[in-house]
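*Asks:* Residues per chain are reported as follows:
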Amino acid sequence: MAVYGQTYKAYEGNLTPSWSRFLVIPRYAYQDLFKYTLFVVLFVVCFVPPLIFATIIYMHHNAAALAIFGISGTDIIPINGFFFSVFTGIQTSLAFIFTVIIGPVLISRDLANNGLPLYLCRPFTRFEYILGKASVLMILLSTITWIPGTLLFLFQSYLEGGGWLAKNYWILYAILVVCIAWIVILTLLAMAFSAWIKWRTAASAALFAIFIIPTPIGFAIQGILKSSKGHLLNIGMALHVMTQELFQLRDEISPDDDDYFFSYGEAWMVFLAYAALCFYMLWRKVRAYEVVS
Amino acid sequence: MTPVIELDGLRVTFGKREILHSIKGNLHGRCIGLLGPNGAGKTTLIHSLLGFHPPSAGTARIFGKDIRHQAKEIRTLIGYMPERDAFIANLTCVHFVRLMAELSGLPSEAALERAHEALFYVGLGEARYRQLGSYSLGMKQLAKLAQAIVHGPRLIFLDEPTNGLDPPARTRMLELIREVRDSGKANIVLSSHLLRDVEECCDEILILKDGHIAANCNLEEERRANKQFVEMETRNGTQAFVEAIGKLGCEYAETGFQKLKIVMNDGMGVRDLYKIAVAQNVQIRRLNYKRDSLEDIFLKAMEQ
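In order, the protein sequences belong to chains D and V. Position 92, counted from 1, in the first sequence is what this note's numbering calls 723; the numbers after and before it change by one each time, with no gaps. Position 258, counted from 1, in the second sequence is what this note's numbering calls 271; the numbers after and before it change by one each time, with no gaps.
Some hints here could point you the wrong way.
What the hints assert, rightly or not - With a cut-off of at most 30 Å between alpha-carbon atoms, the simulated BS3-like pairs for lysine-lysine come out as follows:
| hint | chain 1 | residue 1 | chain 2 | residue 2 |
| --- | --- | --- | --- | --- |
| 1 | V | LYS85 | V | LYS37 |
| 2 | D | LYS916 | V | LYS288 |
| 3 | V | LYS78 | V | LYS222 |
| 4 | V | LYS198 | D | LYS916 |
| 5 | V | LYS29 | D | LYS640 |
Think of the hints as simulated: they come from the structure by calculation, not from any bench.
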């Protein structure tokens with residue numbers, strides 16, 4: 632085809648590799664999202680905590696700076712697992728806010744506008760569609776969670792020197808695992824709700840509810856049946872247990888804590904169960920056309 | 014020659030309901046019309062060929078590629094214009110068509126270039142930077158056509174492309190379909206309720222009825238083979254008039270009171286009928302001269 636020739640012409644050029652085509656979806660999504668000033672401002676705000684934490688790390692290693700502010704070396708926050716767990720907690724909370732903003736419309740818009748047949752009539756599978764939509768959130772949330780977390784860890788290792796990295800490599804492992812677990816579960820929950828709930832506000836409310844409602848349900852089951860197994864519905868608690876365990880805070884803060892209603896292993900089971908359920912919900916809904924038998 | 018579409022006992026079921034019943038046939042046409050009443054299975058057939066509904070038995074091949082095992086390869090060769098309104102939210106038309114081209118595997122720059130070309134081609138060049146949501150129904154149909162052809166497919170499925178279009182828009186859509194057909198670069202499958210649309214564009218038709226193939230014929234050959242008919246209504250028509258027509262050596266049938274349907278022989282003209290009418294003092298009140306149309310073929314298929 633040519634604009635002036637106006638005849639139908641087949642395409643004879645090169646094609647992009649099949650594996651990379653899912654990345655087209657996040658590219659278009661970001662073009663749309665970053666048009667909104669409010670979104671850009673919120674995105675920039677997400678980098679304020681990493682800057683503050685980087686400043687603390689810097690101050691920790693700069694006696695002159697501490698002297699200027701009149702702070703003694705003993706008063707300053709120690710750089711340890713707890714320090715990075717606080718950072719991770721702040722960033723994952725911001726990740727949750729982003730998920731509430733972006734997530735509910737990820738798939739619902741395509742379903743509402745019958746967009747799925749347009750994707751799936753091309754050399755583009757259902758799995759690639761889900762992967763493409765998931766990567767919209769996963770890439771964005773990565774930039775505000777584990778990527779700055781890793782940079783902070785490397786910054787501290789560089790300033791501390793003397794084998795600090797070798798002794799504390801588990802902190803990096805904890806940062807990566809906790810952040811990625813949060814990203815995966817937030818992405819899957821947001822997409823599953825987006826696929827099943829057309830109304831944006833309701834889907835956003837459902838995202839909040841999934842982290843709030845299981846707590847009273849767990850306690851109600853505990854009160855009635857005298858069993859703590861009701862807490863196994865609580866994905867928020869599962870992520871909390873994983874965070875405490877990985878950052879080695881469980882024994883430190885509360886050695887005999889009865890607030891933990893399940894073990895680290897059970898926390899992973901809850902996580903995997905939620906992930907599998909969300910994926911199943913997505914798989915059921917992401918079809919070119921829904922067939923009513 | 015490899016058929017464009019080869020239906021090899023294709024059976025599709027939704028739950029316990031069988032929609033397509035082991036349909037078989039080879040389709041070779043440049044533009045294949047898919048006809049049938051509502052619920053005949055036209056859209057299900059298209060969706061099955063696109064890989065949206067897996068066959069419960071049998072299979073089909075597009076350009077020799079099996080829809081069961083080579084679905085992704087097939088989808089690189091085809092374009093699809095869905096029947097219902099379908100678009101991606103919050104995009105301008107040119108971005109929408111570009112996105113579709115990129116998903117078909119075109120590199121970003123080539124996709125943008127072809128998106129512009131496709132939109133000019135279908136007549137949306139001036140409106141290409143508008144949001145799709147602001148388009149009229151006719152413009153949306155054209156945008157759907159643009160996304161179906163942007164990657165230069167070898168086979169284009171058009172599901173009710175003239176739905177909801179006003180007469181000028183319909184004429185434009187049919188012109189575009191004929192242009193693509195005549196370019197020789199792509200085959201078209203045109204599903205429509207409108208016999209006239211199919212008649213104007215297609216050279217082969219597949220008529221479905223209750224999930225079975227009711228007719229599959231080459232429209233051009235059928236037109237050539239079909240005889241010419243005259244439907245006539247007379248006043249004061251007598252048996253002698255009917256017999257005089259019979260003496261011309263043509264087949265005829267009385268279809269009602271003073272109504273005749275005559276199959277014209279080669280070399281026989283309407284003038285001959287008038288001559289007999291004058292000689293027999295019979296008034297011809299209505300005379301309808303026509304060839305066997307797609308409508309006749311369709312109605313015959315429906316009666317089976």
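*Asks:* Look at each hint and say if it fits the structure.
*Replies:* Hint by hint, here is what the structure shows:
{"no.": "1", "hint": "LYS85(V) with LYS37(V)", "verdict": "holds, 23 Å"}
{"no.": "2", "hint": "LYS916(D) with LYS288(V)", "verdict": "violated, 71 Å"}
{"no.": "3", "hint": "LYS78(V) with LYS222(V)", "verdict": "holds, 26 Å"}
{"no.": "4", "hint": "LYS198(V) with LYS916(D)", "verdict": "violated, 36 Å"}
{"no.": "5", "hint": "LYS29(V) with LYS640(D)", "verdict": "violated, 43 Å"}
Hint compliance for this structure: hints 2, 4 and 5 are not met, and every other hint is.
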